[in-house]
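Participant: Each chain, written out:
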Amino acid sequence: MSYLVNLEKFYGPLDLLLYLLEREEIDIYDIPIARITDQYIAYIDAIGYSDLDNIGDFLSMASYLLKLKSRMLLPVYASDDEQLEEGEDPREELVNRILEYKQFKQLGEYLGDRYEDSQRIFFRYGQPEAESLDAEIASSIKALLRAWDGLITRNNTEIEFELPQGEAIAEKMDAILSRLPADGLPILFGDIYGENSFRREALIYFLALLELIRLQKVEALQESHFGSIKLSIRVAIDNVNAG
Amino acid sequence: MLMRAEIKASIEALLFASGERISEQELMEILQLGEADLKEIMREMAVDYNQAGRGIRILNLDGGYIMATKQEHASIVSQMIKPVSRRLSPAALETLAVIAYRQPVSKTEIERIRGVKTDRVISGLIEKGLIKEMGRKPVPGKPVLYGTTHEFLKVFSLSTLDELPRLENEEENID
Amino acid sequence: MLMRAEIKASIEALLFASGERISEQELMEILQLGEADLKEIMREMAVDYNQAGRGIRILNLDGGYIMATKQEHASIVSQMIKPVSRRLSPAALETLAVIAYRQPVSKTEIERIRGVKTDRVISGLIEKGLIKEMGRKPVPGKPVLYGTTHEFLKVFSLSTLDELPRLENEEENID
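Residue numbers (my numbering), protein chains in the order written: chain H, 1 to 243; chain U, 1 to 175; chain C, 1 to 175.
For the record, the hints were derived by calculation from the structure and aren't laboratory data.
These numbers were taken from a predicted model, which means no experiment stands behind them.
Note that the Cβ used here is the ideal one computed from N, Cα and C, for glycine as well.
Incorrect hints may appear among the rest.
Said to hold, decoys possible - With a cut-off of at most 25 Å between alpha-carbon atoms, the simulated SDA-like pairs for lysine to any residue come out as follows:
| id | chain 1 | residue 1 | chain 2 | residue 2 |
| --- | --- | --- | --- | --- |
| 1 | U | Lys117 | H | Tyr19 |
| 2 | U | Lys128 | H | Glu116 |
| 3 | C | Lys70 | U | Lys117 |
| 4 | U | Lys70 | U | Ala5 |
| 5 | U | Lys117 | H | Tyr64 |
| 6 | U | Lys70 | H | Lys102 |
| 7 | H | Lys102 | H | Ile28 |
| 8 | U | Lys39 | C | Ser75 |
| 9 | H | Lys142 | C | Asp162 |
| 10 | C | Lys39 | C | Met3 |
| 11 | H | Lys67 | H | Ala42 |
| 12 | C | Lys39 | U | Ser78 |
| 13 | H | Lys102 | H | Ile41 |
| 14 | U | Lys70 | C | Ser75 |
| 15 | U | Lys107 | H | Arg97 |
| 16 | U | Lys82 | C | Gln32 |
| 17 | C | Lys132 | C | Gly64 |
| 18 | U | Lys128 | H | Ile98 |
| 19 | U | Lys70 | C | Val47 |
| 20 | U | Lys70 | C | Ile30 |
| 21 | U | Lys107 | H | Ile98 |
| 22 | U | Lys132 | H | Tyr125 |
Stated by the list, open to error - Just a sample of chain H residues kept apart from chain U, beta carbon distances all over 10 Å, derived:
| id | residue |
| --- | --- |
| 23 | Gly12 |
| 24 | Gly56 |
| 25 | Leu74 |
| 26 | Tyr101 |
| 27 | Gly108 |
| 28 | Ile141 |
| 29 | Asp174 |
| 30 | Ile187 |
| 31 | Leu215 |
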């Protein structure tokens with residue numbers, strides 16, 4: 001009798017026991033414990049511990065079987081802690097566990113068949129239709145623009161932004177200088193490009209401003225992070241340099 | 001009170017639009033129907049859907065209803081929609097069987113019956129939505145108790161848990 | 001070759017299960033039908049769905065078909081699905097924005113800009129009356145072009161499309 005032929009996986013010690021009982025055509029109510037224990041242990045040895053999941057569970061069953069085997073050999077000297085009633089079969093607990101397990105194993109197989117069958121039924125795929133049901137719709141241009149902005153931001157990750165070049169910047173530099181009071185009083189940068197201006201336009205203004213600061217024609221003061229930028233013309237230097 | 005044809009149309013619209021199970025309770029409220037009336041209408045609708053030209057039908061699911069395709073169109077539908085084939089391992093099926101029949105049941109009890117550790121299987125079943133926690137057992141350690149979900153019934157095409165086969169020796173196994 | 005009733009049932013099953021638009025081409029392939037036959041069957045089905053007891057119907061959408069609830073059941077369906085929802089979903093708003101600024105625009109173009117499938121959203125917007133078909137683009141495949149409606153202007157309190165805010169990043173960011 002070779003145990004090596006069977007390399008199928010068992011899902012637990014009870015599964016293995018059940019398999020051995022069925023293979024040996026053993027009456028479950030009269031299990032030859034010694035024989036089954038030997039086969040069980042031989043099987044685990046043959047397969048090698050490393051091939052079995054839950055090896056701890058398999059081993060604790062092995063030790064339970066060994067205990068049972070010794071008790072069967074010496075029925076009279078039942079140990080104190082597990083006193084047996086007169087006429088009680090020490091195998092009863094094992095039998096009940098195997099029977100109970102067998103039942104659920106079969107139910108599992110039954111569920112597996114049902115599962116196969118139910119793969120032939122389709123339910124509705126995708127999201128429910130909720131959004132197309134409204135009788136009256138409330139929305140706003142703001143919401144619409146936010147949606148558009150979200151889209152742009154998403155798309156922008158792939159789009160290379162083209163920096164504005166020379167001419168446009170020179171034009172804005174002039175625009176900034178012409179707006180600054182000649183007496184050096186400060187003015188808000190935001191007021192120059194206007195709050196409603198387009199983002200690209202604002203960027204050009206900003207580049208123009210940087211250029212003016214670099215050329216020391218304009219002084220910029222930002223009192224806090226993200227605060228507004230105050231600009232003033234650098235009168236003296238400008239005059240000197242221009243002269 | 002709506003006309004009968006209107007009620008049926010509304011039920012069809014509701015079940016289609018939701019795509020999910022709708023409980024009898026919800027339907028009764030929305031349609032302002034009594035339970036007997038609703039059940040009668042659902043029976044009539046089952047006959048309507050049974051006609052040859054129809055590809056969908058309404059399934060009973062755990063005291064509610066859900067719209068689904070008829071089995072006989074499986075081969076054609078699967079050409080276009082791949083069933084979300086979640087494979088269930090024998091271990092998962094076995095564990096489900098224990099939970100279905102013994103719910104609410106603790107992990108310890110499931111492991112006692114199966115004889116193996118079952119943590120991974122249980123968390124997999126929860127993730128799939130097939131089982132859920134159903135409170136805690138009032139014993140020391142307060143172990144979590146598990147039970148099956150609507151999704152479990154849906155996946156196994158069961159209207160109720162009663163449709164599961166009876167256990168032969170139920171009495172002696174219940175503790 | 002399937003029987004006529006079977007074909008209808010299959011179409012119903014397919015459209016229900018997919019929940020999305022299915023193109024004529026796909027239907028013709030799966031059902032092994034010619035275009036003329038399919039169109040005739042769809043016309044017959046439209047009549048079937050028109051009956052009083054039916055709550056769903058099949059809409060023509062951009063050379064394909066999609067299943068939807070009938071409008072007359074909208075109020076009852078909305079009671080269940082989303083009691084207060086009179087809002088447009090983010091996906092709907094985004095699509096609407098693209099159509100508003102780019103009209104007349106094809107579905108392909110909308111999907112290119114959004115980067116996602118947009119069938120159901122488009123059919124939803126058509127059903128809501130916010131967009132409509134505006135002829136076809138004179139290119140191979142003759143895709144349907146969409147534009148906004150009077151209803152769109154009404155909902156967004158605009159008297160004409162010119163009142164739409166200018167886009168700051170129109171030129172450089174989209175194409």
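Participant: All hints are to be evaluated individually against the structure, with a verdict given for each.
Facilitator: Outcome of the hint check:
Restraint check for Lys117/U and Tyr19/H: satisfied, since their Cα atoms lie roughly 19 Å apart, inside the 25 Å limit. Of the pairs offered as hints, the one joining Lys128/U and Glu116/H holds, with about 17 Å between alpha carbons and a cut-off of 25 Å not exceeded. As the CA atoms of Lys70/C and Lys117/U are separated by approximately 52 Å, the hinted pair breaks the 25 Å bound. Between Lys70/U and Ala5/U the alpha-carbon distance is near 23 Å, which keeps this suggested pair within the 25 Å criterion.
Restraint check: the Cα-Cα separation between Lys117/U and Tyr64/H comes to about 17 Å, which is no more than 25 Å; the hinted pair holds. A hinted pair counts as satisfied when its Cα atoms are at most 25 Å apart, and Lys70/U with Lys102/H does not qualify at roughly 34 Å. Only pairs whose Cα atoms come within 25 Å are accepted, and Lys102/H paired with Ile28/H is accepted, the gap being roughly 11 Å. A threshold of 25 Å between alpha carbons decides the hint, and for Lys39/U with Ser75/C the separation of about 23 Å falls inside it, so the pair holds.
As the CA atoms of Lys142/H and Asp162/C are separated by approximately 16 Å, the hinted pair is consistent with the 25 Å bound. Between the alpha carbons of Lys39/C and Met3/C the distance comes to roughly 16 Å, so the proposed pair stays at or under 25 Å and holds. Only pairs whose Cα atoms come within 25 Å are accepted, and Lys67/H paired with Ala42/H is accepted, the gap being roughly 16 Å. Taking the CA atoms of Lys39/C and Ser78/U, the gap is about 23 Å. The hint holds against a cut of 25 Å.
Between Lys102/H and Ile41/H the alpha-carbon distance is near 21 Å, which keeps this suggested pair within the 25 Å criterion. Restraint check: the Cα-Cα separation between Lys70/U and Ser75/C comes to about 28 Å, which exceeds 25 Å; the hinted pair is violated. Pair hint Lys107/U plus Arg97/H holds up; C-alpha atoms about 17 Å apart against a cutoff of 25 Å. Note on Lys82/U and Gln32/C: the hinted pairing holds, with a Cα-Cα distance of about 19 Å set against a maximum of 25 Å.
About 16 Å separates the Cα atoms of Lys132/C and Gly64/C, which keeps this hinted pair within 25 Å; it holds. With a CA separation close to 29 Å, the supplied pair Lys128/U and Ile98/H exceeds the 25 Å bound. At roughly 22 Å between alpha-carbon atoms, Lys70/U and Val47/C fall within 25 Å of each other, so this suggested pair holds. Our distance criterion of 25 Å between C-alpha atoms is met by Lys70/U and Ile30/C, whose separation comes to about 17 Å.
Distance restraint check for Lys107/U and Ile98/H: the Cα-Cα separation of roughly 19 Å lies within the 25 Å cut-off, and the hinted pair is therefore satisfied. Simply put, Lys132/U and Tyr125/H have alpha-carbon atoms about 23 Å apart, close enough for the 25 Å limit, and the pair holds. Not every C-beta of chain U lies more than 10 Å from that of Gly12/H, the closest at about 4 Å, which undercuts listing it as non-interface. Some Cβ of chain U comes within 10 Å of the Cβ of Gly56/H; the nearest lies about 8 Å off, and the non-interface call is violated.
With a minimum CB-CB distance of about 26 Å to chain U, Leu74/H clears the 10 Å threshold, and the non-interface call stands. Non-interface status of Tyr101/H relative to chain U is broken: a Cβ of that chain comes within 10 Å, the nearest being about 6 Å off. At roughly 4 Å, the least C-beta separation between Gly108/H and chain U is not larger than 10 Å, which violates its mark as non-interface. No Cβ of chain U comes within 10 Å of the Cβ of Ile141/H; the nearest lies about 29 Å off, and the non-interface call holds.
Interface exclusion of Asp174/H from chain U stands, the closest Cβ pair being 61 Å apart, more than 10 Å. The claim that Ile187/H lies off the interface holds: its Cβ sits roughly 59 Å from the closest Cβ of chain U, which is beyond the 10 Å cut-off. At the 10 Å boundary, the C-beta of Leu215/H stays outside the reach of chain U, the nearest C-beta of that chain being 63 Å off.
Hint violations for this structure: numbers 3, 6, 14, 18, 23, 24, 26, 27, all remaining hints satisfied.
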